[in-house]
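**Student:** Residue strings, one per chain:
There are 4 protein chains.
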Amino acid sequence: MAGSILGEIFRVSTWGESHGAGLGVVVDGCPAGISLCEEDIQDYLDRRKPGETKYATPRREGDKVTIMSGVFEGMTTGTPISMMVLNTSQKSKDYSEIAGFYRPGHADYTFDAKYGFRDYRGGGRSSGRETIGRVAAGAIAAKILEQMGIHIVTYVKQIGPCVCRDGHMRPENIEKSPLRMPDLERSVEAEDYLAEKMKEHDSVGGMIECVVCGMPAGVGEPVFGKLDALLAGNIFSIGAVKGVEIGAGFSVASKSGSENNDEFYMAADGSVKKKTNFAGGILGGISDGDDIVIRVAVKPTPSIFRTQKTVNKQGEEIAVQIKGRHDPVIMPRAVVVVEAMAALTIVDRMFVGMSSRMDKIQEFYGF
Amino acid sequence: MAGSILGEIFRVSTWGESHGAGLGVVVDGCPAGISLCEEDIQDYLDRRKPGETKYATPRREGDKVTIMSGVFEGMTTGTPISMMVLNTSQKSKDYSEIAGFYRPGHADYTFDAKYGFRDYRGGGRSSGRETIGRVAAGAIAAKILEQMGIHIVTYVKQIGPCVCRDGHMRPENIEKSPLRMPDLERSVEAEDYLAEKMKEHDSVGGMIECVVCGMPAGVGEPVFGKLDALLAGNIFSIGAVKGVEIGAGFSVASKSGSENNDEFYMAADGSVKKKTNFAGGILGGISDGDDIVIRVAVKPTPSIFRTQKTVNKQGEEIAVQIKGRHDPVIMPRAVVVVEAMAALTIVDRMFVGMSSRMDKIQEFYGF
Amino acid sequence: MAGSILGEIFRVSTWGESHGAGLGVVVDGCPAGISLCEEDIQDYLDRRKPGETKYATPRREGDKVTIMSGVFEGMTTGTPISMMVLNTSQKSKDYSEIAGFYRPGHADYTFDAKYGFRDYRGGGRSSGRETIGRVAAGAIAAKILEQMGIHIVTYVKQIGPCVCRDGHMRPENIEKSPLRMPDLERSVEAEDYLAEKMKEHDSVGGMIECVVCGMPAGVGEPVFGKLDALLAGNIFSIGAVKGVEIGAGFSVASKSGSENNDEFYMAADGSVKKKTNFAGGILGGISDGDDIVIRVAVKPTPSIFRTQKTVNKQGEEIAVQIKGRHDPVIMPRAVVVVEAMAALTIVDRMFVGMSSRMDKIQEFYGF
Amino acid sequence: MAGSILGEIFRVSTWGESHGAGLGVVVDGCPAGISLCEEDIQDYLDRRKPGETKYATPRREGDKVTIMSGVFEGMTTGTPISMMVLNTSQKSKDYSEIAGFYRPGHADYTFDAKYGFRDYRGGGRSSGRETIGRVAAGAIAAKILEQMGIHIVTYVKQIGPCVCRDGHMRPENIEKSPLRMPDLERSVEAEDYLAEKMKEHDSVGGMIECVVCGMPAGVGEPVFGKLDALLAGNIFSIGAVKGVEIGAGFSVASKSGSENNDEFYMAADGSVKKKTNFAGGILGGISDGDDIVIRVAVKPTPSIFRTQKTVNKQGEEIAVQIKGRHDPVIMPRAVVVVEAMAALTIVDRMFVGMSSRMDKIQEFYGF
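For the protein sequence lines, the chains are A, B, C and D, in the order given. Numbering-wise (the numbering used here), the first sequence opens with residue 42 and increments by one. Numbering-wise (the numbering used here), the second sequence opens with residue 42 and increments by one. Numbering-wise (the numbering used here), the third sequence opens with residue 42 and increments by one. Numbering-wise (the numbering used here), the fourth sequence opens with residue 42 and increments by one.
It cannot be assumed that every hint is accurate.
The list treats identical chains as interchangeable, and a pair is accepted whether it falls inside one copy or across any two copies.
Here are the simulated EDC-like pairs of lysine to aspartate or glutamate, each with C-alpha atoms no more than 20 Å apart in a straight line [as the list claims (entries may be wrong)]: (1) Lys184 - Asp400; (2) Lys364 - Glu300; (3) Lys401 - Asp81; (4) Lys364 - Glu304; (5) Lys184 - Glu404; (6) Lys314 - Asp153; (7) Lys350 - Glu138; (8) Lys350 - Asp310.
None of these hints come from the bench; they were simulated from the model.
If we strip away everything but chain A, and leave its shape as in the complex, we get (with noise of 0.2 Å):
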């Protein structure tokens, strides 16, 4: 299977399966001289893990994690990065039921159409730990970013009928609410709702958004190397988003262009500024120095504990409840995840782009 490998300079390679050995990730491009140490990367990857709340699978995953190359005396060498999460607490047992049948929103089906077969424990390669090498690798792309005065600013905007105002959203809220939603009232209104759904069996959707701030304004590439179209594929490879938009995003299919145009005007600094940001930070594929706002849609959990109509391997229809450990709600998780693939993304396109003008390239090399 091609398509574990992400990126053009900053590359990361990931690999595991839920229930396998473990999980993890391959950074290889990643620079020379950054201080980096597991705790890092830990606490990056503890905000992906099942909190103590109750909308979370209860079992504890341990996900600790190890570097296994790449650092020497507390530093990056530029030499590849492996970072590996081992699988303790996963027991075989629980899915085992699930081998001959195809879940219906799983990937079951389409993995043994490709394949032939598949490694049917909690989804294989398909499981939601996937994400486990993607947000270890974006604790790295995200201390880059920071040491460049970038910071990314992740959290769940809608759940259901619920979505967070504009004006009534704090970043210091984000962690105060137990969905991530920055909107403390409406995280009570979505919890309410949660709760509901939960006692029906049944999951809930919702959507993230991810705001990037602190870019210099000409990150990205024309024609197919956009900023925009990389952030949207790569936020897109995550399980379960069905669909990204940045800035404005639909909303402009019922705009016309005098609303939708934003303004330019000089800032007191002396740099270009916009009066608004319909743009979400990104003009023909390449950063405006403005935030670049992504919202990314995120489906309803698949595994739902009410019984569902499928077809097993035999070819026979038949009527199955999933059992086993599933969050009813991902998108509190999700949230760093999306944080991570925005990260990755972001620092590959500054390292590809600096070898877009001779004459900072002629200030490089010396010359």
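Let chain A serve as the given structure and place chains B, C and D on it in line with the hints.
**Tutor:** Showing chains B, C and D alone in chain A's frame:
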């Protein structure tokens, strides 16, 4: 500028500016043995030409394509196919006025921020004419798909407040509508809406829908090589696109799992099918054999003939009025560009996927 | 540091330093359905282990490989295969002395020049132990090739003045010779030569020959994707390699066309064959069905136990004597590394080449 | 056919057959701000043209290059640079005779084996004319290197038994010799040798040497991205090349470590230098600041005017005599092709390497 090459096996390398000598594309990785002539490409390219209608720029672009290599005695040879369209009717003087300032909603400012200067004539590389290379390559990809029973239907689903209704769209209506809207009632309404906006010297946004019919199950790779992720990212690379969704798309945010899961059943022909298609034909990044349904938000043309505020290269705030020839609506012309990007993406994935199973590889190589 | 990922479809991502926690590789793009176990990898890896003989470093490297992912119930699943060898016997104190100066013939100076500092323990990433990842991945590639009837034979052809004679080399002798030289008479002479050099605290260079048997015709792409170009480049990436030639190699410089052309004839089985094989099994970058013959020049181990002049990080000229454990000859251990790189290259090319012809693609996808 | 795209950041995509409409190349990833005109390219291309001498084919190839995009007001804009040479003097009838059989030493058979058929006119894509795209792109790469103080000198070192002597080669002699041999005494002898072979309707092989002067230390990545590996592989992709060596090359096979190690010393300017250069300017895959020295074995032109035995497409053994116009020696024309491939490789590596160190990245982006 990196960024003008797309694909892993079926690779396209596009070039050209709106007011340079011409535009074109090199397709590397096209199989040998496909019957191909310039007319195949021209038919496809003509779909992006400004038409006879009042909604497209009045200029007459010849846009005659020439195949420069890779075809011998009417068949592709497996060598790179170079295709070219010479610019014949571009008048640089039309655009010289915009050299000194940054048009709102355009890439003028970001190109300057990235490269230090830009080819200011008609948008240069960020012009809509850049899509000529995409469409010429897409014509070949579409032909390859047709030979495998895969057909793509693309149309304008929404312009401003006018949205085509499910059940009222007919594929045969697409070319009957001057706006390529397959719900002809809505098309007439959209014409009125557009006429009004044109009177106000304004432009309109909209939404394009693309349906891929006849896909076999099993195309796409898990993780970063997901078919939906690549479709979304590649289509997002078209200028003016601000959002992409697949299947139920953003509507999943307010759905529950029991509403959104597609149940499997056995079709009369013995194949596994889904009762609904909220997944949009892709599960876990791999095609499930159902139609792939993609929706694309397109922003209103930023070139409007109203006075707008902006800044110039000297850092002065100014008011400008853009002249020249610009489409008040680009969706009808963008339809074939979306289709081309979908075709390019799927062909590339189908080629990449040929080495997914050892039994099939052995069969292929005769062992 | 970019540079640790190889391949287009069958892609390997290696990691690890000689004195870090371990070394490993992730193989992405391995087909599903190959029977694979750790013993398959271990057998291959053991060929690069220092042997029982006096010509290898006396340290005992366990080098036990673990498969961490991608194999389920004894079969590859198509997901990334992560393999790992933990470092168990590396003693960092052995090497701390070299932190401050630049060993002649080693990469110490260039790593410092590039990265500003380096993991100085035993060469870090430039150590011969880096090849563990290559060989583990190569074991899988070799297994794939075996299933397609392709077999690779690799051996030491030359050590110092001792060159194996055509007509005196037997494949079954390779493992009988402590130096892996298939001409046993020359092997004995080489042992004497080596013994002498060891007494002088010196090391020896040599040449490795690699023969790929059973190749089908038609593998490789023209221009930059030529099979010989990729074999040469990928084998050249092994540390200590200073030259690669294919077929007649450098001897063509003094030949005429009439001497060097291989005439075609019809074999009894109806296939096209060449009377001679000066081409080395590749014409125009594409395999011609004959054996592929590659020769590789390997420089003498730069770690010698004599006093050498060099400089330190402070810019002082000094005299140094390297301690520690080093092989006076690396060719016997490098044999399997060359073989691994050949296997990786050919497998990747065979996978890339599956979409070369439209008729074969249609057959593959059932149209 | 995949395989016609090279590079990671500075990427070239070549196209064209010997007897199609033309040949060309698209350069994607060229920095903005380089002064560039068609004459820059033409001067480079003219070095691969058959000259006035008796050793090149008598046909007069105009080979006038046109820049189609990517240059505006005499400067590169950062957009793809498309360059094209139209075929003007190719006569297809010259070659139609070879459609039905396989010329010894050519790629006719392997193209048929791979693609099922081929463009038989003059070798099609496997013709020496394919190098036009490489050389046109190489001209830009060479210009970039010149602006960073890096200069490449390439010449014919050997033709048949005539080998230029160290100490007798002068760069200024290269263009004085009709064979581009910088040891003029050997050049005269080679002319005699060649004259004799031409009388016998035969062709000659030889060796090219390429020296890259002014390299900074620190260019190249470890493991698979080694500068020597990429130089070797990319130069090996030139048709007729059968071997590549760097520095001491194949002579290392008979050397000891004490003979082959280059001792470091401090130069008067405070830089670290090597007393000798057996390494050929690269240690551990990274440039060491010394000259890079590459030698390339080129096989004798397979097109000779003697009767040769071969087979035809019908599987019959036949005797053939090739007609048409062919160079009895290609080394003098191939010199610039080797140089172009070296330049393309080094530029790409210099761009990739700009993100190797965090301190330099921060400086670049102003943090």
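**Student:** Regarding Lys364 and Glu304, is the shortest C-alpha distance of 20 Å or less found within a copy, between copies, in both, or in neither?
**Tutor:** Intra 54 Å, inter 17 Å, cutoff 20 Å: inter-copy only.
**Student:** Could you place Lys184 and Asp400 in one of the four classes (within, between, both, neither) given a Cα distance threshold of 20 Å?
**Tutor:** Between copies only: 14 Å across chains, 28 Å inside a chain, cut-off 20 Å.
**Student:** From the Cα coordinates, with 20 Å as the cut-off, is the pair Lys364 and Glu300 best called within, between, both, or neither?
**Tutor:** between (50 Å within a copy, 19 Å between copies)
**Student:** Using 20 Å as the alpha-carbon threshold, which applies to Lys314 and Asp153: within, between, both, or neither?
**Tutor:** Answer is between: at 14 Å across copies they meet the 20 Å cutoff, but 51 Å inside does not.
**Student:** With 20 Å as the alpha-carbon cut-off, assign the pair Lys350 and Asp310 to within, between, both or neither.
**Tutor:** The answer is between: 19 Å across copies meets 20 Å, while 62 Å in one copy does not.
**Student:** Is the C-alpha distance from Lys401 to Asp81 at most 20 Å within one copy, between copies, in both cases, or in neither?
**Tutor:** neither (32 Å within a copy, 22 Å between copies)
**Student:** Can you give me the call for Lys184 and Glu404, within, between, both or neither, at a CA distance of at most 20 Å?
**Tutor:** Intra 26 Å, inter 16 Å, cutoff 20 Å: inter-copy only.
**Student:** State whether the alpha carbon distance between Lys350 and Glu138 is at most 20 Å within one copy, between copies, both, or neither.
**Tutor:** This pair counts as within: shortest intra-copy Cα distance 15 Å, inter-copy 64 Å.
Violated hint for the displayed structure: number 3, the only one.
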